[in-house]
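Enquirer: The hints should help you fit chain B onto chain A, whose structure is shown.
Those protein sequences? They're chains A and B, same order as listed. Going by the numbering used here, the first sequence opens with residue 1, and the numbers climb by one from there. Going by the numbering used here, the second sequence opens with residue 1, and the numbers climb by one from there.
For the record, the hints were derived by calculation from the structure and aren't laboratory data. None of the values given here were measured: they were computed from a predicted structure. Idealized CB from N, CA, C, for every residue including glycine.
DSS-like, lysine-lysine: derived pairs with alpha carbons at most 27 Å apart:
hint	chain 1	residue 1	chain 2	residue 2
1	B	250	B	198
2	A	83	B	250
3	A	11	B	268
4	B	196	B	173
5	B	159	A	11
6	B	250	B	173
7	A	11	B	250
8	B	198	B	173
Covered by chain A, according to a simulated footprint, are these stretches of chain B (three or more residues, beta-carbon under 8 Å):
hint	stretch
9	246–258
10	262–270
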Amino acid sequence: MTEHAFPSRRKDVVCRELDGEVILFDPLTNVTHRLNQTASLVYLSCNGLTSADEIVASYQDTFQVPANISHRDVAQVFSSLEKLALLNYQA
Amino acid sequence: MPTASGSSRKSYPDLLHFRIGVIGVSLESPIERFRNEYLKLYKRYQIAEPEGEALALRIRHHWKRWWKGAQYEIRGNEEGVLFATGEQEVLPNLEWALNWHIALYHTQYLQIHASLVKLDGKTILFPASPGSGKTTLSAGLVIRGADYFSDEFALIDPKTLLVYPYPKAFCVKEGSIPILQNFCPGLNFDSRWIKKRKGPVAFLDPWLIRENPVATPGQIDYIVFPNYSPQAQPLLTPISKAEAAFNLNKHSLNFLNFRERGIEILAKLVESADCYRLQAGELGPTCELMSQLVRNGRS
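Isolated chain A (complex conformation) (with noise of 0.2 Å):
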């Protein structure tokens, strides 16, 4: 994960929110994925206009962890969602 890089979501991606988690459908592989509550967060924070080090920084603030924790869980949850391919980075 680049601090500085914008992550957006991919447009082609079917995103429906249920009581705060997210499932998705991905037309290009046909499958259905469902995010539980913090990777969900992580996930509607990428809108393309707020930087990765920004999400950091609202994770923290929303789930009251310290800095390196929230840094290691929206680490994973960006590594997790690139191997699925559901998003995109602009610099």
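Expert: Same frame as chain A, but now just chain B:
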């Protein structure tokens, strides 16, 4: 030409037509035993002429020189062939052909592999894999007074989210027969059939449990994912809407027909229902737990 024992060599019979809930079936069988067995289960759904689209099920003898016993060929709409090795496999294969037809051709519905009942006016959907106890649980609830949709398919109109009945006979595994007989003394399971994966099964006509048990179409009020363990204490655990939608997707037979639109359909289904995981145990207490859920609105 040799005939299987218990069969008779008759001239080609007329078609028998049925409407089982929203599913039309026409059965053609020169073998009287199978016509009679199918009529025993579905005579209340018999109609004079087919209405709309119907699956044409056909049973024939299939002769192989090297096979000393009888084999039967089952076709649906002249497509696909199933082979029953012996008479005892015929009825399960007929049901399988019909299920296959529904999955292939009734794509106007979102199809979920599930059983469903309507208890005290509330529709409960039990999506589950084979062996989870959904058939026994549904039969138990019908014995307790619930109306019956199906023990195989939820057929959901994607626009209205109404679920429609396909009240096929319960397909009860051998191990569940004494459970149901204890729950409802007087229930008769005379014939045994062989279903390749499940082993010996019996078919139970829900009308033998009570008169007119078929549910009217309705919206789903509860989505309950059952898992059966014989010694378990029955327990209902609320689950999140997202978990319910994700699991519904796993049990859907034709979600990919709807694709992007399917997510919204699943989301609306779970938003309008209370969603649970059920650890099912002994049938009586499990049914009582479901009754409490519907009565009180919460587990």
